[in-house]
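Chains as they are written, first to last, in the numbering used here: chain A, 1 to 114; chain B, 1 to 115.
Don't read these hints as lab results, they were simulated from the structure. Hints may be right or wrong, so weigh each one.
Derived SDA-like pairs (lysine to any residue); straight-line CA-CA distance at most 20 angstroms [unchecked claim]:
{"id": "1", "chain 1": "A", "residue 1": "K49", "chain 2": "B", "residue 2": "E103"}
{"id": "2", "chain 1": "A", "residue 1": "K109", "chain 2": "B", "residue 2": "P61"}
{"id": "3", "chain 1": "A", "residue 1": "K49", "chain 2": "B", "residue 2": "P61"}
{"id": "4", "chain 1": "A", "residue 1": "K58", "chain 2": "B", "residue 2": "P61"}
{"id": "5", "chain 1": "A", "residue 1": "K101", "chain 2": "B", "residue 2": "R55"}
{"id": "6", "chain 1": "A", "residue 1": "K101", "chain 2": "B", "residue 2": "S86"}
{"id": "7", "chain 1": "A", "residue 1": "K101", "chain 2": "B", "residue 2": "K1"}
Here the structure is a predicted model, which is why all the values come from computation and not from measurement.
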Amino acid sequence: AQSVTQLDSQVPVFEEAPVELRCNYSSSVSVYLFWYVQYPNQGLQLLLKYLSGSTLVKGINGFEAEFNKSQTSFHLRKPSVHISDTAEYFCAVSGDGGYQKVTFGIGTKLQVIP
Amino acid sequence: KAGVTQTPRYLIKTRGQQVTLSCSPISGHRSVSWYQQTPGQGLQFLFEYFSETQRNKGNFPGRFSGRQFSNSRSEMNVSTLELGDSALYLCASSLARGMGRDEQYFGPGTRLTVT
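Bound conformation, chain B alone:
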């Protein structure tokens, strides 16, 4: 099976712009989660989508949004970029049978640099 893919791998944007990142989960996985990874902060949970519905949300401002399509592919959008948004954005998919026991499979991430 193909793994989780994320596009683009690297992105440079300027403050005030917006950006859209894409994630294709493993075939058959219906849950997609997004994380922001920065040095010293570890992985911060952004949100999780399951069957096109946002099922969980982290503590990020409304500038961060996402969606999931019927084929389980997901996108996340960040509007009005700030310098502090520079990070590695990781996408993870899982079978998400519920009850927290499922392993997550991570993509390689999108490295976003805001200048």
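Excised from the complex, chain A in its bound form:
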């Protein structure tokens, strides 16, 4: 079984400040990790994903995430946020082997304050 914990339900941050959205996972097999973003009244779109290789993954819109196997974490970071980054962010995990379903976290609402 696999699970995802997003430690913060809401994160307010001032424009141009850095932000970190936290994600921890558990899984009994090797994992693939994803961050998705959902803007108001829209579906989710992929920000970035970790499949293998370098633990630092860069995504769209200046976001990056670091896979830490020992801490079972995959935290999302951006050095300087914009108003347009206001959205809900979902961490997701999928296992290796066979046809694995994707398990999503509960989401973190990022509110960028002007």
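Since the structure of chain A is already known, use the hints to place chain B on it.
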């Protein structure tokens, strides 16, 4: 390529009724997954279809069902609606080459309100 489309976008039903939601995946995508999104619960996995077969199922009651057609379009049905079924229902498609590594592409969702 056209994205994932879902119809209708908004729906209002009364308790006890049934509803059918439709999803057309991206061309070439053979896997379609359905999720229920509610505030405080995040995305809850309903089921996944691949080549007209249900390949994975979440922990939802039997009132929730789905199917996939030969052209990969999918429908989900909810019978005997309850107030708690009010949610945003999201459909996602993927190439689903297996082994969990494929990105999912989401539609805009169908907002279901049960009164």
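>> Of all the hints numbered above, which does this structure not satisfy? Sort the numbers upward.
In response: 2, 3, 4, 6, 7
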